[in-house]
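Undergrad: The residues making up each chain are set out below.
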Amino acid sequence: MRLETRFKWLPTPITSTLLFLVWLLLNNSVSTGHIVLALILAITIPLITSPFRTKQPLIIKPVLAIRHLMLVLYDIITANVQVAILILGPTKKLTPGFVKVPLDLTHSMPITILASTVSLTPGTVSAEVYPWRECFVEGQKPQQRYLLIHVLNLTDEQELIKTIKQRYEAPLKEIFQC
Amino acid sequence: MTEWIISILLLIGGSFVLIGSIGLVKMPDYFMRLHGPTKATTLGMASLLTAAMVFFSTSQDALSVKEILISIFLLLTAPISAYMMIKSAIHHKLDSIERTQGKDNIEDDV
Chain A
1 MRLETRFKWL
11 PTPITSTLLF
21 LVWLLLNNSV
31 STGHIVLALI
41 LAITIPLITS
51 PFRTKQPLII
61 KPVLAIRHLM
71 LVLYDIITAN
81 VQVAILILGP
91 TKKLTPGFVK
101 VPLDLTHSMP
111 ITILASTVSL
121 TPGTVSAEVY
131 PWRECFVEGQ
141 KPQQRYLLIH
151 VLNLTDEQEL
161 IKTIKQRYEA
171 PLKEIFQC
Chain B
1 MTEWIISILL
11 LIGGSFVLIG
21 SIGLVKMPDY
31 FMRLHGPTKA
41 TTLGMASLLT
51 AAMVFFSTSQ
61 DALSVKEILI
71 SIFLLLTAPI
81 SAYMMIKSAI
91 HHKLDSIERT
101 QGKDNIEDDV
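Sequence lines, in order, name chains A and B.
Counting from 1, position 115 in the first sequence corresponds to residue 115 in the numbering used here; the numbering is continuous, with no gaps.
Counting from 1, position 64 in the second sequence corresponds to residue 64 in the numbering used here; the numbering is continuous, with no gaps.
Take the hints with a grain of salt, since some may be wrong.
[As the list claims (entries may be wrong)] Okay, the calculated beta carbon distance ranges per label pair:
1) A:LEU88 x B:SER7: 32 to 38 Å
2) A:VAL81 x B:PRO28: 32 to 38 Å
3) B:SER88 x A:THR78: 38 to 44 Å
4) B:PRO28 x A:LYS61: 39 to 45 Å
5) A:ILE85 x B:ASP29: 42 to 48 Å
6) A:TYR146 x B:ILE5: 42 to 48 Å
7) B:LYS93 x A:LYS162: 29 to 35 Å
8) B:GLU3 x A:LYS93: 39 to 45 Å
By construction, these hints were calculated from the structure, which means they are not laboratory data.
These numbers come from a predicted model, not from an experiment.
No residue lacks a Cβ here, since even glycine has one placed at the ideal position from N, Cα and C.
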């Protein structure tokens, strides 16, 4: 896990890229004036706001991150169809349940991303993280954390935990190297 | 041709949003009701916005890409709002239906 960038003037490369793209998209143009303005905004806003932020882990493998994003987008589409079928089918046959998934991730930010992807993918909504508070003591082994999820139609608990860990958590671990 | 694409996208989007709302009415308890709106509507909104994008890109000269932003913001906010709602439901100890498994996985608030 790395918190600092190599360049002092660019504390959060992803936020800067996003600011740049969002500014161009909002103005719906790629004229020179807007590109210059977007560059100025993308560099100054993170610089000014960086003292207020808590340091977040950086993406170390960007290519893998994009591949993971594509996988999640594909899963969102299949999830929508699956949930639509579940909703239209008989309600009495659904077996909802709460499942606790043990996490290998320890930092809040990768856990947030994992929780959001779990919420957007088939039949699961993430409900809570235990323990809720992040406690990092230097030199100590970080606490084991759990993600509580609500499943619309629970058939095989172990299988579900395995899928979440392999499909969504393992790539995140590699992307952030933590 | 473009009219066909737009109408098909609008129909898909509309039916997904409708299914999400049906889920909101049909499901028996709060936790299950959350599933419809968080998922079925994201794809519905995405295809409605794609339809808008195709429409404005073909009817005007310039390419219209603002709709991508709306979809991204929706994708970002949907899980967060779902998380806020389910967390407050757990905090208020709302009842889930009888056959819910693993209720003892819920821990007390700290």
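Undergrad: Is 32 to 38 Å right for how far apart the beta carbons of VAL81 of chain A and PRO28 of chain B are?
TA: Between VAL81 of chain A and PRO28 of chain B, where Cβ atoms are some 22 Å apart, the hint is violated.
Undergrad: Per the hint of 32 to 38 Å, is the separation of the Cβ atoms of LEU88 of chain A and SER7 of chain B within bounds?
TA: violated, 23 Å
Undergrad: Given a hint of 39 to 45 Å, does the C-beta separation of PRO28 of chain B and LYS61 of chain A actually sit inside it?
TA: The hint (39 to 45 Å, Cβ to Cβ) holds, given that PRO28 of chain B and LYS61 of chain A are roughly 43 Å apart.
Undergrad: With 42 to 48 Å as the target window, see if TYR146 of chain A and ILE5 of chain B comply at their CB atoms.
TA: holds, 45 Å
Undergrad: Within 42 to 48 Å or not, the Cβ separation of ILE85 of chain A and ASP29 of chain B?
TA: Taking Cβ atoms as reference, ILE85 of chain A and ASP29 of chain B lie about 20 Å apart, which means the hint is violated.
Undergrad: Take the C-beta atom of GLU3 of chain B and the C-beta atom of LYS93 of chain A, compute their distance, and say whether it sits inside 39 to 45 Å.
TA: Once the Cβ atoms are compared, 40 Å apart, the range 39 to 45 Å for LYS93 of chain A and GLU3 of chain B holds.
Undergrad: Can the suggested window of 29 to 35 Å be confirmed for the beta-carbon pair LYS93 of chain B and LYS162 of chain A?
TA: The hint (29 to 35 Å, Cβ to Cβ) holds, given that LYS93 of chain B and LYS162 of chain A are roughly 30 Å apart.
Undergrad: Given the hint of 38 to 44 Å, check if SER88 of chain B and THR78 of chain A actually sit that far apart at their C-beta atoms.
TA: Distance hint for SER88 of chain B, THR78 of chain A is violated at roughly 29 Å.
Against the hints set out earlier in the document, violations occur for numbers 1, 2, 3, 5.
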